[in-house]
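Q: Going line by line, the protein sequences match chains U and A. Okay, so the first sequence: first residue is 1169 according to the numbering used here, each after it adds one. Okay, so the second sequence: first residue is 35 according to the numbering used here, each after it adds one.
Just so you know, the hints here were simulated from the structure itself, not pulled from any lab data. Be a bit skeptical, because a hint or two may be false.
Unchecked claim - Derived, one-sided and incomplete: chain U residues facing chain A with beta-carbon distance under 10 Å: (1) Asp1179; (2) Cys1183; (3) Gly1232; (4) Asn1410; (5) Thr1557; (6) Asn1591.
Keep in mind the model is a prediction, meaning the values are calculated, not measured. Don't be surprised by glycine CBs; every beta carbon is placed ideally from N, CA and C.
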Amino acid sequence: MDNRILIDSKDLPFCKGCGHAGVAQNTEKALQKLGYDTLDVIFVTDIGCHGIIDKSLRSHTVHGLHGRSVALAGGIAAGLTPESGKKVIVFIGDGGATIGMQHLLVAAHHNFPMTVVIHNNMLYGMTGGQPSEFTPCGFNTPTAPNRSAMGAIDMVKLMEGVGAAYVSRVSGVGDFSDELAEAFAQPGFSLVEVMEICPSYGVKSNPGMKLKQVVETAGLAIHKSKNPQSENHRPAYDGFKNSLLSEKLTIKKEFEPVLKGTVRILLSGSAGEGTQSAAEFLARTAMLSGLYATKKGHYPVTVGVGFSAAEVIISDQPIFYTGSTKPDFMLITSTDGVDYAMPKIKNGNGATIILDGSLPIPDTSAKIIQKDLRSKVGSRNAAMLSVFTLIKKFGILSEESLLTAYGRNKLSAKVPVETFTENLD
Amino acid sequence: MTEISTNQMAFIDGSRLITEACVQAGAQAFVGYPITPANLLYSYANQRYPVMMAAPDEITTLQWMTGYASLGKLPVTATAFPGYALMIESINMAMMMELPMVIILVQRLGPATGTATAGAQGDIAVVHGTVSGGFQLPTFCISNLNDCWELSAKAVETAISLRTPVVLLTSKEMVMTQMSFDMSSLIEIKPKAWKYSDKSNDYKSYDVDESLVPEFLPVSQNQHQVRFTASTHNKAGILQNTSPEALDNSRRLKTKLDLHAQEFLYYEYDQQQEAETIVLSFDITAQAAREAVLRLRNEGTKVSLLVAKTLFPIPERYYDILNGYKKVVIAEENNDGQYRRFLFGNQPHAHIKGVNVMGRMIQPEEIMKEVQHNG
Chain U
1169 MDNRILIDSK
1179 DLPFCKGCGH
1189 AGVAQNTEKA
1199 LQKLGYDTLD
1209 VIFVTDIGCH
1219 GIIDKSLRSH
1229 TVHGLHGRSV
1239 ALAGGIAAGL
1249 TPESGKKVIV
1259 FIGDGGATIG
1269 MQHLLVAAHH
1279 NFPMTVVIHN
1289 NMLYGMTGGQ
1299 PSEFTPCGFN
1309 TPTAPNRSAM
1319 GAIDMVKLME
1329 GVGAAYVSRV
1339 SGVGDFSDEL
1349 AEAFAQPGFS
1359 LVEVMEICPS
1369 YGVKSNPGMK
1379 LKQVVETAGL
1389 AIHKSKNPQS
1399 ENHRPAYDGF
1409 KNSLLSEKLT
1419 IKKEFEPVLK
1429 GTVRILLSGS
1439 AGEGTQSAAE
1449 FLARTAMLSG
1459 LYATKKGHYP
1469 VTVGVGFSAA
1479 EVIISDQPIF
1489 YTGSTKPDFM
1499 LITSTDGVDY
1509 AMPKIKNGNG
1519 ATIILDGSLP
1529 IPDTSAKIIQ
1539 KDLRSKVGSR
1549 NAAMLSVFTL
1559 IKKFGILSEE
1569 SLLTAYGRNK
1579 LSAKVPVETF
1589 TENLD
Chain A
35 MTEISTNQMA
45 FIDGSRLITE
55 ACVQAGAQAF
65 VGYPITPANL
75 LYSYANQRYP
85 VMMAAPDEIT
95 TLQWMTGYAS
105 LGKLPVTATA
115 FPGYALMIES
125 INMAMMMELP
135 MVIILVQRLG
145 PATGTATAGA
155 QGDIAVVHGT
165 VSGGFQLPTF
175 CISNLNDCWE
185 LSAKAVETAI
195 SLRTPVVLLT
205 SKEMVMTQMS
215 FDMSSLIEIK
225 PKAWKYSDKS
235 NDYKSYDVDE
245 SLVPEFLPVS
255 QNQHQVRFTA
265 STHNKAGILQ
275 NTSPEALDNS
285 RRLKTKLDLH
295 AQEFLYYEYD
305 QQQEAETIVL
315 SFDITAQAAR
325 EAVLRLRNEG
335 TKVSLLVAKT
345 LFPIPERYYD
355 ILNGYKKVVI
365 AEENNDGQYR
375 RFLFGNQPHA
385 HIKGVNVMGR
395 MIQPEEIMKE
405 VQHNG
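Input sequences plus hints: build the corresponding full structure.
A: Right, dumping it as structure tokens:
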């Protein structure tokens, strides 16, 4: 066994003259300088010429999808503890970095402890030499022989913009192992962009052009920068958390049920006016009498505007189907509520509607009870008053259970029960 | 469940039970992006999982999860179709790498962004077709609150024991509707341990014994080199073209599930003697089917019920059951009867009937009507 810790073979699987071989050899040298052992290193690669290095490595290897290696490595880096002593290194091409640019920004932003080495040969090599977002102004590729004046994305500046802890651009010629070692030694996120020219497509499409000339013309300065403000990465472990299930969730039977059979109630009002809370309160009140209850919410995707409706079923038997196509009662507190419930209102034969007094009486065969809800207790409490009215008028649940339930409801700390009991007809 | 005594009625939603069950079964991280109607799962995750990683999007979610799983820690995510669509290539990757995870897919009304706040069962075909090349992911479907508990734990167990992503399929009404529920009915869940290879030498990441499941080692250990590879690979995890060894390895991803199919077979068969008709359903529609069957029997109609909880790979047992009936009524909340077509193909069969709606829940009466319909 030789003393190489990373590369298993003298013959690397790259085209003659490809800078990718230099990146691998300099990485080997850098890791040796830092004293890493073979299995201290987790190499993450993806699709593209750089990724075929994988089979030549002695370290752990993870070979993923085109452009996603930085995100894949992020999951590894986030789950490792600092005590693990592991070094996560990503090899990615400029094509992969184009595809997964967001992953690079996010990894730097989170300061994941890993080093990304971009093999920037300024085009997609594996698929025939198409331009990437890293192809600089004036650099031709086989599919873009007359590349326009559009310049390359300056990845170093971009990474600085998101606060990367360490970022550098190096020329992929000769020995740049010290530059790599410096990046590998960073405790948080680091990125090295290694500039190369693809011998198969870059050289042929740009005869006589030298790497130094391309880099200088493109204004891609060889330099490095550190961000001392970047916070050290905190492993994504938040520790033990309590169970979501406890005795506090239980609702014990305290009252004898009044209801025989099943009753279905639709509450229909406006978002932000307590419709969902009132519906849940009604269901919980029923459970104090040992009854079964369900509550199904309906609302648009908007949070604070539009309708808000809930279907509540209360029964002395277990409930399977939780829908309610033909409610026995409809508690309607706003214009939004009328609009939402209109199909059920029109088909309301046999139902009873408790309708806010401000609303016009709709065309329906249902029995209508107009009740001043909003004007008596305000829009935010109208739905709760409609529930009190339902229980008082129709006796589906006992008044004792209603008052007990309200006393335990968080609303009672802000709105005294008399607000509702004194507004019942 | 030591904290809960008998007859403990609570007013609870399925998201809470799913989250608690996953953590108790051994899930260590929730990774995700909040999307309606999976957002309750996200909120509970924040309160319960030891590790919570808020991802910027669903591709990142699956990539982070896969990286996290390579350390021997099980991640869970929850999403809806728009997010699942973005995840698909990465799910293929995790499946190929044989890294376990649980993906909770909460169905909502499509196509596209559709109606985020309306339930549906329209992603059956998407889940079936998730993996390129004729492979399936173990796919469980929750049919009531007890399933939220038990199937969630089984999803974690199956993912770890078979080293595969598992899809836990559900829908808006199943995870967001609050229901009275007896918490004393919750069975005990034990955490599923990862079994690490104890080979002293010659470890290969995708070498298998008769179980067809490769022995696992995380990338965080220092005993053996580990390779996780998304592309076609040999037993060592080295990328190959189409070598016989590599193709055998890929074929094994199917035979692995076939071999262990009985270990993740979950269904509810409520057989009525002399019944000639059976209702098949799943997800929240199974609740309508349960009610329909109960009412039909009370009215004197003989009818059986099959609630499918393991959807994919389709269990052969379902055919054993269904083939014993003259009429099969399949109720599912989508436009074309997706599971019906996977079970029986696109060719119409006179005795196979579908009850299908879009944009609302299927009502028990609709199932009853189809059962009672002659022809």
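Q: Could you run down the list of hints and mark each one as holding or not?
A: Going down the list of hints, with the structure as the test:
no., hint, in the structure
1, Asp1179, "violated, 15 Å"
2, Cys1183, "violated, 18 Å"
3, Gly1232, "holds, 5 Å"
4, Asn1410, "holds, 8 Å"
5, Thr1557, "violated, 22 Å"
6, Asn1591, "violated, 26 Å"
Hint violations for this structure: numbers 1, 2, 5 and 6, all remaining hints satisfied.
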